[in-house]
Amino acid sequence: MGDFSLIGKSMKRIDTPLKATGQARFSSDLMLPRMLIGKVLRSPHAHAKILEIDISKAEKLQGVKAVITAKDTCADKWGVFRYTQDQQFLPTDKVRYVGEEVAAVAAVDEDTAIQALKLIKVEYEELPAVFDIKSALESGAPLIHQDHPGNINIHVNIDVGDVVKGFGESYCVREDTFTAPEDSYFQGEPYAVVAQYDHTGSLEIWMPNAGPHLKAKPLSNVLKIPLNKVRVRKIAIGGAFGGRSEISPADVICAFLARKSQRPVKLVYTREENSIATRQAHSMIATIKTGVNKEGRVISRDITCHMDGGAYSSTGPIAVSVPFLCMEQAYQMENVRYNGYRVFTNKPIRGMFRTHGRAFACGVDLQLDMIGQELGINPLEMRLRNARKVGEFTPTKSYVASCGMTETILKAGEKAGWNEKWGKLPPYHGIGIGCNSVQTGFPMGIRGGSQAFIKFNEEGGITVITGIVDNGQGNDNMIVQIAAEELGLGVCDVQLINADTEVTPSDPGSYSMCETFIGGNAVRLAAQDAKNKLLKIASEALKASPDELTVKDRKIYIEKSPNKSISLSKIIRIALSRNESISGEGSYWPKVDSKREWVENPSGQLSETFSFGTVITEVKVDPETGKVDVLEVTAAQDVGYALNPKVIEGQFEGGIAMGGQGGMLSEYILWYNGRVLNPDQLDYMVPLAIDMPRINNIIVETIDPNGPYGAKEAGMSIAMSAAQAYCGAICNAIGVNIKEFPLTPDKILNAIEKKVKGEQNP
Amino acid sequence: MKKIMLTLKINGDKYEIITYPNRTLLEILRDDLLLTGTKESCGEGACGACTVLLDGLPVRSCLLLATEVKNKEITTIEGLAKGEKLDPVQESFIEHHAIQCGFCSPGMILTAHSLLNHNPAPTEEEIRFAISGNVCRCTGYAKIVEAVKALSKRGRE
Numbered sequence: 131m132g133d134f135s136l137i138g139k140s141m142k143r144i145d146t147p148l149k150a151t152g153q154a155r156f157s158s159d160l161m162l163p164r165m166l167i168g169k170v171l172r173s174p175h176a177h178a179k180i181l182e183i184d185i186s187k188a189e190k191l192q193g194v195k196a197v198i199t200a201k202d203t204c205a206d207k208w209g210v211f212r213y214t215q216d217q218q219f220l221p222t223d224k225v226r227y228v229g230e231e232v233a234a235v236a237a238v239d240e241d242t243a244i245q246a247l248k249l250i251k252v253e254y255e256e257l258p259a260v261f262d263i264k265s266a267l268e269s270g271a272p273l274i275h276q277d278h279p280g281n282i283n284i285h286v287n288i289d290v291g292d293v294v295k296g297f298g299e300s301y302c303v304r305e306d307t308f309t310a311p312e313d314s315y316f317q318g319e320p321y322a323v324v325a326q327y328d329h330t331g332s333l334e335i336w337m338p339n340a341g342p343h344l345k346a347k348p349l350s351n352v353l354k355i356p357l358n359k360v361r362v363r364k365i366a367i368g369g370a371f372g373g374r375s376e377i378s379p380a381d382v383i384c385a386f387l388a389r390k391s392q393r394p395v396k397l398v399y400t401r402e403e404n405s406i407a408t409r410q411a412h413s414m415i416a417t418i419k420t421g422v423n424k425e426g427r428v429i430s431r432d433i434t435c436h437m438d439g440g441a442y443s444s445t446g447p448i449a450v451s452v453p454f455l456c457m458e459q460a461y462q463m464e465n466v467r468y469n470g471y472r473v474f475t476n477k478p479i480r481g482m483f484r485t486h487g488r489a490f491a492c493g494v495d496l497q498l499d500m501i502g503q504e505l506g507i508n509p510l511e512m513r514l515r516n517a518r519k520v521g522e523f524t525p526t527k528s529y530v531a532s533c534g535m536t537e538t539i540l541k542a543g544e545k546a547g548w549n550e551k552w553g554k555l556p557p558y559h560g561i562g563i564g565c566n567s568v569q570t571g572f573p574m575g576i577r578g579g580s581q582a583f584i585k586f587n588e589e590g591g592i593t594v595i596t597g598i599v600d601n602g603q604g605n606d607n608m609i610v611q612i613a614a615e616e617l618g619l620g621v622c623d624v625q626l627i628n629a630d631t632e633v634t635p636s637d638p639g640s641y642s643m644c645e646t647f648i649g650g651n652a653v654r655l656a657a658q659d660a661k662n663k664l665l666k667i668a669s670e671a672l673k674a675s676p677d678e679l680t681v682k683d684r685k686i687y688i689e690k691s692p693n694k695s696i697s698l699s700k701i702i703r704i705a706l707s708r709n710e711s712i713s714g715e716g717s718y719w720p721k722v723d724s725k726r727e728w729v730e731n732p733s734g735q736l737s738e739t740f741s742f743g744t745v746i747t748e749v750k751v752d753p754e755t756g757k758v759d760v761l762e763v764t765a766a767q768d769v770g771y772a773l774n775p776k777v778i779e780g781q782f783e784g785g786i787a788m789g790g791q792g793g794m795l796s797e798y799i800l801w802y803n804g805r806v807l808n809p810d811q812l813d814y815m816v817p818l819a820i821d822m823p824r825i826n827n828i829i830v831e832t833i834d835p836n837g838p839y840g841a842k843e844a845g846m847s848i849a850m851s852a853a854q855a856y857c858g859a860i861c862n863a864i865g866v867n868i869k870e871f872p873l874t875p876d877k878i879l880n881a882i883e884k885k886v887k888g889e890q891n892p
Numbered sequence: 036m037k038k039i040m041l042t043l044k045i046n047g048d049k050y051e052i053i054t055y056p057n058r059t060l061l062e063i064l065r066d067d068l069l070l071t072g073t074k075e076s077c078g079e080g081a082c083g084a085c086t087v088l089l090d091g092l093p094v095r096s097c098l099l100l101a102t103e104v105k106n107k108e109i110t111t112i113e114g115l116a117k118g119e120k121l122d123p124v125q126e127s128f129i130e131h132h133a134i135q136c137g138f139c140s141p142g143m144i145l146t147a148h149s150l151l152n153h154n155p156a157p158t159e160e161e162i163r164f165a166i167s168g169n170v171c172r173c174t175g176y177a178k179i180v181e182a183v184k185a186l187s188k189r190g191r192e
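Those protein sequences? They're chains F and Y, same order as listed.
Under my numbering, think of the first position of the first sequence as 131, with each following residue one higher.
Under my numbering, think of the first position of the second sequence as 36, with each following residue one higher.
In case anyone wonders, no lab produced these hints; they're calculated from the structure.
Any given hint could be a false lead.
[As the list claims (entries may be wrong)] Only pairs whose alpha carbons sit at most 27 angstroms apart, straight line, appear in this in silico BS3-like list of lysine-lysine: (1) Y/Lys184 <-> F/Lys139; (2) F/Lys666 <-> F/Lys700; (3) F/Lys142 <-> Y/Lys120.
Taking the hints into account, I'd like the entire structure generated from these sequences.
And the structure:
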């Protein structure tokens, strides 16, 4: 790679001084004059008809300024896709889960708002409810949506090659079923919205989001005001992890309260509301049948997966597809069939999660281990024999333009000492490996591309304008790093305006790992556009052709005689005096197949490129307590090119904490009749500093042909591989394969006990 | 409920506040004094986002009534930097990429600051133990531990 000033360096992030000092403002920190406090009334029933809502007493309470119900929101329905529009922002006739929004108030303070909620009388008629996949699918089960017989929300069917023939030709075939309950996003920042709506008919709104434009359009639709009147503002965001992509009823409720009261309204969710009424991750039952040849190479695979989607569609078609698509990217599969079903239940709504599909991914990976056991091939070798290679097509016809899958397996294996440890560890010690691959964007219709602008001030400094949003992963810094590098500027010369729908152009959002690849490319192109204009003026001044010139350290100089130079500020002054505008414009549209559709046509280029990752975990299990002590984790990912290595390491480490340590050991939602028993921090166990093991990070670079500087994405393939490595290591340590996740001490002790009694089958 | 008057000493300044006796220190800090660097995440004393220092020791401001902290020195994240000069812990967190979304950072930094004041050369184990009352969902803690460790080696200025 070239000689860069900022790219490839672990520069300090531009946003962190504000965050270290308390100056960064999050949505709930905002205070506006005359601001009211909003509160939401929620359903106490899992499934019930709404017969009547009486708000008259609440409206009369001193200090209450607005009360809203479905009447105010015109019963409008929301859905990510045209065919999934099934959720009303406030329901008119039925509630479908405990915690669903029913009405809301805005009052002068929180106490008054809470008192007003108690004065709203809702008459319900309870209906029979279903709380798990199996009972939702039974014939005669209560229907959650009348137009979805059998409570099937989404069915994705993929059938490539000849699965039956493939099994016939296989040397060894096995079928296993893997399950996992729901997990929780548990973002640091509970959901919060501030909205103001003035007499010109304009909405101004702040909320955590994974794409301001993804929030603005549905707000414009439901408020029935032009899109330009919806101004979603930039605000610091306390984590998303996939859970803040869509419009939330909270956004709509807060906007309507602000409109009705004509005063700013702040609506802050409690931790419990954040756990129940934003999004949860799907529970899953995955049945996987795999056939391999003598060498352990997979010939045929047939997967049926049921996901509990909760009460509404959300990103259902994507959620059903992604666990499969990740694995078809990571591993070669000749003949493969996938039937994914998302099932409605009377539980909170499920969305895309950073570590989506642990039962699925652990199923595929753990089963490779089991087949390896039968064939006498070790898990690392099984991965190598099935690893995706560059230049291949996935079963659903995505071309793989760059791929370091094999390299991540080899490098992680070497660092972790796999060959020295596998089969040679003392009793109750184990080592395990997991692999996965993620996308860098999906086909997203007109929102699929990103655009960026750059303008200069008279000193040669710039303002970058882009829709890219930062959820905490460092996207703001990525934008500045790229723009400054291209234009030979320092970080302090760059001002950033982003994630504001009034000012910034279209962008897909920080969604599907696409911001570096798509948004980053747009920023780079905008900078190059501006640079070409600078070079034109400089070439006249320096009497050299533009291709002989280089931009660095706020100067343009002749590459072969660096003493001949002109400063950027001088070029800008020349341009201003000539009435020539110097600005940059760039847009990037990823090369994906626009005809690909999640349900109707799951074939064609899904994403322009993919990242690949391997995690290896070493554990020690206490056979007396079932407690797992994680000794070391090694993570290797093909990131394309590391724009900022420390940022990438941070993503690896966070992904291991969430996907492995939390995802395989301690995180799961507990239920009683559709009620979440552990929505709070004391009872939902996210990893703490004392829990986390030593982590070895290995960055693998394959220089993607189309990524900005060769970059792809920064750590999601690690987050999606960690659970498998943890689970493989524990099963290796105890000599039993457990197929129900997460692996809590009770399950581990049961498995050990059964093994001792000789009851377990492999 | 009758309002009461209390005097609080926060970041070296004195504030006279008339408020209800059932309000938490966190509510007073955020809602009345606009010291919004202190965050609320769980509201039940489990996550540490609302950590402030009380006479130099980390406490959870969501669990304390404001009336309980009269006559004590309260330090919030806003009180750590001296004018333009950041505290070494803040500098170290920035330098070592110990901050991602930043929601837990104010509480985490105050806890680390207090640890280093009381134990200038903590081991990694002591650091991990000390910050285990502060939950971070983004980083996996590795870079946070590095940031504190870097100061432990250097000692405190």
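Here's how the hints hold up against the structure:
1. Only pairs whose Cα atoms come within 27 angstroms are accepted, and Y/Lys184 paired with F/Lys139 is accepted, the gap being roughly 22 angstroms.
2. Straight-line distance between C-alpha atoms of F/Lys666 and F/Lys700 comes to about 13 angstroms, which keeps the hinted pair within the 27 angstroms bound.
3. With a C-alpha separation of about 17 angstroms, the suggested pairing of F/Lys142 with Y/Lys120 holds against the 27 angstroms cut-off.
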